[in-house]
Amino acid sequence: MAEVAGKNKKRRPMALGDRLFDYANYTFLTLLMVVTLYPFLNTLAVSLNDANDSIKGGIYVWPREWTLDNYKYVLAEATIFHATMISVLRTVIGTVATVFCSAMVAYTISRQEFVLRKFVTVAFILTMYINGGLIPNFLLIRDLGLIDSFWVYIWPGLIGVFNLIIIRSFIEGLPESILESARIDGAGEYRNFFHIVLPLCTPVLATVALFTGVYQWNQWFDVFLYNSSNIDLSTLQYELQKILQNSNASMSAKSAGDAFASAGSQDANAVTPFSIRATMTIAASLPIIMVYPFLQKYFVKGMTVGGVKG
Amino acid sequence: MENNTAGIPATGAIAKKPAGMARFFKLLLQQRALVVMSVPFLIWLFIFKYMPMWGWTIAFQKYKPALGFWEQEWAGLTHFRFLFEDERFIRVLRNTLAMSGINLVLGFVTAIALALLLNEVRKVMFKRVVQTVSYLPHFISWVVAAGIIQSTLSPDGIINELLMKAGFIKEGVLFLGIPEYFWTIFGAGTVWKDVGWNTIVYLAAMTMIDPAQYEAAEMDGAGRFKRMWHITLPGIKPVIVVLLIMNIGYLMESGFEPQYLLGNGMNVDYSENLDIFVLKYGIAQSNFSLSIAAGMFKTVVSFILLFVANNVSKRLGEARLY
Numbered sequence: 001m002a003e004v005a006g007k008n009k010k011r012r013p014m015a016l017g018d019r020l021f022d023y024a025n026y027t028f029l030t031l032l033m034v035v036t037l038y039p040f041l042n043t044l045a046v047s048l049n050d051a052n053d054s055i056k057g058g059i060y061v062w063p064r065e066w067t068l069d070n071y072k073y074v075l076a077e078a079t080i081f082h083a084t085m086i087s088v089l090r091t092v093i094g095t096v097a098t099v100f101c102s103a104m105v106a107y108t109i110s111r112q113e114f115v116l117r118k119f120v121t122v123a124f125i126l127t128m129y130i131n132g133g134l135i136p137n138f139l140l141i142r143d144l145g146l147i148d149s150f151w152v153y154i155w156p157g158l159i160g161v162f163n164l165i166i167i168r169s170f171i172e173g174l175p176e177s178i179l180e181s182a183r184i185d186g187a188g189e190y191r192n193f194f195h196i197v198l199p200l201c202t203p204v205l206a207t208v209a210l211f212t213g214v215y216q217w218n219q220w221f222d223v224f225l226y227n228s229s230n231i232d233l234s235t236l237q238y239e240l241q242k243i244l245q246n247s248n249a250s251m252s253a254k255s256a257g258d259a260f261a262s263a264g265s266q267d268a269n270a271v272t273p274f275s276i277r278a279t280m281t282i283a284a285s286l287p288i289i290m291v292y293p294f295l296q297k298y299f300v301k302g303m304t305v306g307g308v309k310g
Numbered sequence: 001m002e003n004n005t006a007g008i009p010a011t012g013a014i015a016k017k018p019a020g021m022a023r024f025f026k027l028l029l030q031q032r033a034l035v036v037m038s039v040p041f042l043i044w045l046f047i048f049k050y051m052p053m054w055g056w057t058i059a060f061q062k063y064k065p066a067l068g069f070w071e072q073e074w075a076g077l078t079h080f081r082f083l084f085e086d087e088r089f090i091r092v093l094r095n096t097l098a099m100s101g102i103n104l105v106l107g108f109v110t111a112i113a114l115a116l117l118l119n120e121v122r123k124v125m126f127k128r129v130v131q132t133v134s135y136l137p138h139f140i141s142w143v144v145a146a147g148i149i150q151s152t153l154s155p156d157g158i159i160n161e162l163l164m165k166a167g168f169i170k171e172g173v174l175f176l177g178i179p180e181y182f183w184t185i186f187g188a189g190t191v192w193k194d195v196g197w198n199t200i201v202y203l204a205a206m207t208m209i210d211p212a213q214y215e216a217a218e219m220d221g222a223g224r225f226k227r228m229w230h231i232t233l234p235g236i237k238p239v240i241v242v243l244l245i246m247n248i249g250y251l252m253e254s255g256f257e258p259q260y261l262l263g264n265g266m267n268v269d270y271s272e273n274l275d276i277f278v279l280k281y282g283i284a285q286s287n288f289s290l291s292i293a294a295g296m297f298k299t300v301v302s303f304i305l306l307f308v309a310n311n312v313s314k315r316l317g318e319a320r321l322y
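Protein chains in written order, with UniProt numbering: chain A, 1 to 310; chain B, 1 to 322.
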């Protein structure tokens, strides 16, 4: 598109209609950004504002009485701190495991001469169409003894078919000559995979890592389903979900989070459920907000390869 | 993908002769490195993705958890019959189809419109900033998104404040407490979360359009709207068609998280969909048979829809899901 833009600039001055269109377009897109960002900025402002002052309302995108007390309180809360650690742990382990295993399987089904290639491919792709569903999966996890265990966060989602397809497409797009020359040099499949294919796949693996990392970090449902009775395995998102569910009953954002209203009663002067909720929301989204813009180039490519070419 | 399906001569030969069989095992031995790298994951796949389907038998039983498989009492289609006579299930089905329909139409229209507008932006920096910002909500969890939607729509939230300042309403409205509003809130929330993300594919397709077409149109005096309508839109038509067909295959999937997280006792008649129904019957009430019957119904209908969609797409000569 940049090319088109350059050509357009050189040509005759734009007609009035064109200019009007541009103004309207830029205004609209700016408005869209405001609508997208406002809720985050507002939450951020509340999280950095004095809790009792926030109750009065009127906080928009800038804190009125700056403070870090909300963050101090949340960090000091043992449950939340522990849940955050579990979130980090499942994100790291889950992402590494998924990227590595998906890449390995994708490599095997990218080898045209592999006898089981078609069988493996079809076996994986079929699961996109048909699956046991919620309750049969639940019963399986129960029978496998994975309830009340950290590994229930890792095992069931180890390899996603979509990831498999985009990595395979990427490997198939690599110049055949590279693999060929390696084989002539006597490199075995393992060497080929670890030393040649894996390093060359960095862009697509970054995409898969981002998708998986985001999935793992954001996941709360498996905690709710399998580990809700074990607070030691709770995650940040699940703790936030519990607060949300509580405030759903009262419906007013400012009286939200009854769970913490009682828990923090001795600190009642310093924090309020409303502020805690805002603070946890920021804590739960900040890692992602900081990472994804840097990987944009990669995931845009990954989406188009996986989505259209299939 | 298509040209690969011809596959390996060995697979075709297996069934024919013992010689083919021997060749197959010889190849397997030769390629043992690849076997080691893939077969453990086949076992994983079998356990985690195929074994649960055994659970479907429960839908045809009067399942009692304490009993073994052979001791269960068979119930035939009782549970399925019960479902279709259940007023709640019919309502749940209506909600599912309504919300996935809203998702489909609204999702397409808004994403294509936004992609068209973004495509007209000539300032590269501005375009990139808008794109980055618009991807943001896609990456945050539905828990966070639901929290944000809930505060925005609460009686003391920004929407009510704006409406009051503009004089449309006198006092704060509890939007999530009004059942009839739920589908709108769900639609708006989903668009807010995913519209930016959904433009990626269209924008990529737009870069494939030959710039010469735009120049020629401009020479002919075609304005911006004319060029968008006659060049850009037809240029991305194949992508639109493929995605549309593929999405029709997901009509039974209206999502779970937004409905579950934004749903409450007041709007349950409009927010409860199939997945929530399955969850409530299965986990909360431990009525596994009925719950699995409902889940199975969903899977089977989805499978048929996907199969048909994929074949239609294939026949049209467009890309397929696999």
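Honestly, the hints are just simulated from the structure, not real lab data. Among the hints, erroneous ones may be present.
[To be verified] No more than 25 Å apart at the CA atoms, straight line, and that leaves these computed lysine to any residue pairs for SDA-like:
1) Lys280(B) with Ser229(A)
2) Lys127(B) with Ser229(A)
3) Lys297(A) with Phe69(B)
4) Lys301(A) with Leu244(B)
Checked hints:
Between lysine 280(B) and serine 229(A) the CA atoms are separated by roughly 18 Å; this keeps the pair inside 25 Å, and the hint holds. Distance hint between lysine 127(B) and serine 229(A) is unfulfilled; the C-alpha atoms sit about 47 Å from each other, more than 25 Å. At roughly 52 Å between alpha-carbon atoms, lysine 297(A) and phenylalanine 69(B) are farther apart than 25 Å, so this suggested pair is violated. A threshold of 25 Å between alpha carbons decides the hint, and for lysine 301(A) with leucine 244(B) the separation of about 21 Å falls inside it, so the pair holds.
Hint check: violations occur at hints 2, 3; the rest are consistent with the structure.
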